[in-house]
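In order, the protein sequences belong to chains A and B. To convert a position in the first sequence, counted from 1, into our numbering, add 341. To convert a position in the second sequence, counted from 1, into our numbering, add 29.
Hints were generated in silico from the structure; no laboratory data involved. Remember, predicted model here, so these are calculated numbers, not experimental data. Even glycine gets a Cβ: it sits at the ideal position worked out from N, Cα and C. Don't take every hint at face value.
Unchecked claim - In silico contact screen, one side only, chain B against chain A (beta carbon under 7 Å); selected entries:
id: 1; residue: 106
id: 2; residue: 110
id: 3; residue: 122
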Amino acid sequence: MTHLDATRVRAVIRRELRDYRRTRSIVVTMAVLPIIFLIQPTLTIFLAPPSAAGDTYYRLPLLILLLVPVILPSTLAAYSVVGEREQGTLEPLLTTPLRREEFILGKAAAVMLPTLVLSYTVFGLLLGVVRLFAKPVTASHVFHQGPVLLALFLFTPLLAGWAIVVGMAVSVRASEVRVAQQLGTLASFPPLGVVVLFGSGVIHPTLPVAVLLATGLLAADVRALRIVSRMFDRERLVTGAKAVRS
Amino acid sequence: MPDPEPALVVNELTKRFGERTAFSGVSFQVAYGEVFGFLGPNGAGKTTTVRTLGTLIAPTSGSATVAGIPLSPENGVEIRQRIAIMPEAPGLYLRLTVTENLEYFAGLYGLRQAGSRIKDALDAVNLGDRAGDLCGGLSKGLRHRVGLARTLLSDPAVMFLDEPTSGLDPVAAREVHDLISGLRQKGVTIFLTTHRLEEAEKLCDRVAILNTTLRVVGRPVELREQLFKSALVVKTLVPLGDPDQLFTRIPSVEGWRSDDPGSYVLSVSDPTVAAPEVTRGLVSVGAEVLAIGEAHHSLEDVYLELIDEDVEARKR
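The following block holds chain A by itself, in its conformation from the complex:
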């Protein structure tokens, strides 16, 4: 079992968060994207016709919010390794005692933190607006979507985790930032298929189903994280060639 040093992991997280704060394009994207994803569900809920049936009508607008934890971290994660390589900051980093697991964990956590804060803030805002300003009957329909709300709560870190790990996997092997970001975004979408099945009613959202799917997603995230750690090869990152030992 590899011993992870908390000081080193914290150093990676702190540096990443500082860099986000100093990069205007990241701050703007992080602020604007969730707002855009908030508009459509809000309009759908507030403009619901009186005949709208609770279960099916209100399920999809809520589940659309799960796009936020998928899209928001994917580009950041895809940039994480190849971006450092392009900036020329990766090699000095690799000369330190930092273990690959610490690097991956620190980078992943630094993307996860703002993603969770923003995603849960968006959910909270939507539910708060519905509670305060929607008609009582509409608010009642929304707050009666127990399994869907639980899915929102549970799936957010898990979908974000998947998007981050897949984005980093692409980033470890990519030779260019743009390619990594495109592939990372594409590869982060498959788990949303489950959400679509939920929203369209193919899978009936119940508490056991939500918990079961969340457990499966968690297992996939952990497995993918281990694979990414193994893919992190110093020699390949520095020279572009895979290490061959005699």
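Fit chain B to the given chain A structure using the hints.
Just chain B now, with coordinates in the frame of chain A:
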């Protein structure tokens, strides 16, 4: 008392990338406190050697001990904890300040309460007053100094500096030289790769010349003696009438050549014996002597001699 263990022991180290050999059969040792110059033309394998000893890439064959630890993938973290490498490009985070960059690396070395270390490192490179500046706003020379400060943070047993003055103007290069001289006086072990020969001659206790294989290792003065015979340079106002007759009858002169009219290079075994004899001979033929002195070969002469030999060998 037996000699202390060397800081670096490299034994028949080889690195190949597929069919291409980066370096082959390289062996040398570096003592603690020594400044060791690693010279060679572009593509000679200098940077790859540093990366290999720094555990960034794995050797194809051979062995090495770095700061007392055998070079192996399992020992990577422990070796990197004891060394510091400054790559050719400092690789700083340009949106962070100087202090923030150093805080980050102090954290990566697991240093807690790193404030005093950072201050000492910045003072060592005379950057104490720029600690709060964004690295993106610094000149190239100042960025190199931040890179050097970063290598000092962990108080490494061995410091690898890969082309530390590459791309710097003469003033900035001299500042880096002064810093390295300062580190040398403090007893820091430095492995310096460069293709600036005057830099190596000025800073290094010993040098190695690499051109895929290691050509020579030694003190610059020893290498000059190994490669070049002692020589006297004689300059006269008017070219000598019959230099061959004059020089061949002086016993201590083994041979001679004339590069320019009135300029002669005499091969001698011992300049201190030959110089008086040559002076007497010149006076006896009425030569108007402008200068007579020992010929000096620079490290550049040694380097060019060896690299030219390689070029000639490849042509054959």
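Hints, verified against the model:
1. Because the closest C-beta pair between residue 106(B) and chain A is about 5 Å apart, less than 7 Å, the hint holds.
2. This hint holds: residue 110(B) has a C-beta 4 Å from the nearest C-beta of chain A, less than the 7 Å allowed.
3. A least Cβ separation of about 6 Å between residue 122(B) and chain A falls short of the 7 Å threshold, and the interface hint therefore holds.
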